[in-house]
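Asker: Residues per chain are reported as follows:
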Amino acid sequence: MAVQTQATLQAVPSAEDEAGQAYFDKIIAEDSRIEPADWMPEKYRKTLVRQMSQHAHSEIIGMQPEANWITRAPSLKRKAILMAKVQDEAGHGLYLYSATETLGTPRDVLNQQLLEGKAKYSSIFNYPANSWADMGAIGWLVDGAAIANQVPLCRASYGPYGRAMVRICKEESFHQRQGFEILLELSNGTPAQKQMAQDAVNRFYAPALMMFGPTDTDSPNSQQSMAWNIKRFSNDELRSRFVGMIQEQVKVLGLTLPDDKIRYNEETGMWEHGELDWDEFHEVLAGRGPCNAQRMERRREAHENGAWVREAAAAYAEKKAQKAQVA
Amino acid sequence: MAKPVETVETPAAEGHGKQTWPLWEVFVRSSRGLSHVHAGSLHAPDAEMAVRNARDLYTRRNEGVSLWVVPASAIVASDPDAKDEFFESPKGKDYRHATYYTKSEGVKHL
Amino acid sequence: MSGESATRITPGNAFRPEDVAAQVAQGLQVGEDVAEYALRLGDDALILAQRLGWWISRAPELEEDIALGNIALDQIGHARSFLTYAGAAWGKSEDDLAYFRGEDGFRSSYLVEQPNGDFGKTIARQLVISVYQHELYSRLVASTDATLAAVAAKALKEVDYHRDHAKQWTLRLGDGTEESNRRITAGLVSVWPYVDQLFQDDELIERLDGVAVRPSELREPFDAYIAAVLAEAGLEVPQVPNAMTDKSRRRHSEHLGYLLAEMQVLAREHPGATW
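Residue numbers (the numbering used here), protein chains in the order written: chain F, 1 to 327; chain Z, 1 to 110; chain B, 1 to 275.
The hints are all genuine.
Below, in silico cross-link-like pairs of lysine to any residue (SDA-like), each with a Cα-Cα straight-line distance of 25 Å or less: (1) B:Lys154 / F:Ser75; (2) F:Lys118 / F:Thr215; (3) Z:Lys83 / F:Ser32; (4) Z:Lys83 / F:Gly159; (5) F:Lys77 / F:Lys170; (6) F:Lys320 / Z:Glu48; (7) F:Lys77 / B:Asp104.
Here's a subset of chain F near chain Z, in silico, CB distances under 7 Å, partners left out: (8) Ala37; (9) Leu94; (10) Tyr95; (11) Ser98; (12) Asp108; (13) Glu311; (14) Ala313; (15) Ala314; (16) Ala317.
To spell it out: a stretch of chain F is covered by chain B in this simulated footprint if at least three of its residues, at any positions, have a beta carbon under 8 Å from a beta carbon of chain B; those stretches are: (17) 74 to 81; (18) 182 to 190.
Treat the hints as calculated values from the structure; they're not laboratory data. Every residue gets a Cβ at the ideal spot worked out from N, C-alpha and C, and that includes glycine.
Start from the sequences and build out the full structure, keeping to the hints where you can.
Answerer: Take a look at the structure:
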């Protein structure tokens, strides 16, 4: 009986919800922006929290493979650039957490979800960065794919998300270029350096293409996200556009892509590429990538080792506030 | 018509763990002569650290000459459910805009 | 327009390592003594940056990843300027000096070579080095050597912030919880034996009168500043014996070897390569 009552209750939306839904639909139809205080469908909110926090987690976990090379960067200029880049990623994570918090989920809850393995982050960061050239490949291919994904998100229907993405995209533009430069420098360097660059491109090419997500036929959330103006282009559209760009850029690098199936399809207007190993994608997603355990352990360690510092600062602030009240 | 906390760009439910730092909204003045503009938010244990964190997070690329930080909980916002009523009055009062007055078009220095 | 203004990105202007390199390329002459002095300044900044860079992705809170990253970036900037300048005396680049000197070629102090430890120890080390660097650079701006003075002028503004950062955290850790007080106290005790070396004069300093800042002159203002901060934080100046170090900075702690092994490994695998 109780279950039935609940079902009935759910089936009849309140007048407030109906008005909210109508207003929401109107805003979306006008391609205007939803702001935090607006009524929004629960599923829209959930989708955003999931996508935005995943995005934030990816920035934070994504710091690790590159941070590992800060201490070994082969020139002081490169060391400075890499530090600035990894630091930017922390910043981007923070912009995104801050935008996600406007939806009502505090950052410590989001962080807890990450540490407990309940939240996902981009699979690409579960691959190891074994050589210096990987700093190049990550910048060129991984950041390149991220930018291709992110530029349309600047127009996402949720205001704080779009605004965070505008800021991120502005800052991100240097990331891809510095990666490209690293590879170019290596490619024009000694044979050993060039080999290092080619090897990095070979390893990061397919995982970078998979960053756009499953094929359109296999992407359950995509359609709804596009209807809500969160996503503007499908996974395959973005991936194809990216392949078109990098197949041209790789020539400037004097390197090759490990894919002999790349071709432009005149009929569809799409760039085609070789088959991607989606089994591997799902394996890594399920936590069985080469670095999943390592990345999570490092994040957990930083969080746990920092607990006493966060507590100290909070305690100090409280003492100060109490003193101010007495005075 | 004014509602506290839950109506601004902040989570309704702040975490209350002893390690949880409160949320601050950050405003950046990009150069002299311009207003402070909302840039985003951050967490900090107190005001002194908040303004420093804001400097590190929001002005890494020379974006500002001045910063404000405000506890997110201190912001009072207009009621989102009453946006139509609240902002209805100015609509239709075209005579408040210069463009309403067309007969003087072409007259110089007016 | 106003909506855009909060995210406007401009490079700003400042005296950069590239500007020193440009001066050197134009034939700037640098004497051996001045170069040796610049090495001391540059190596302290470089080793400190190397240590601090480790924290990025490991700090107690994301905001602090960024703060420590900023400080490391500033220090690496100072290091590059000083090393580029020093290298001009021997026809060496900043990277020749950073990557192809052994331990005995470095002129860093024991203090910056100390491992990061926990956040408490890192802050203790930061407090000492930033107060010292602040006193040093605020005098070096008056050096008769125009390049050293210019690098110091840029560095001083940045180190001012580093000192403030260290002070803020010292206050919070000292007067936070029992645990934090215990840890910052332990951190201070652990770095204190190496404080004295920073303030030792030697023959080089004597020869560079007017060019170099006399380290011994910095001790008094250093002690005064530190005493005030520690008192406010409810902490005490550690009473521990000074470690035997080396005023000419040719000898080093055991830690430096490991640090250099990691820092130099890739560059040394590819001698002569550009990156």
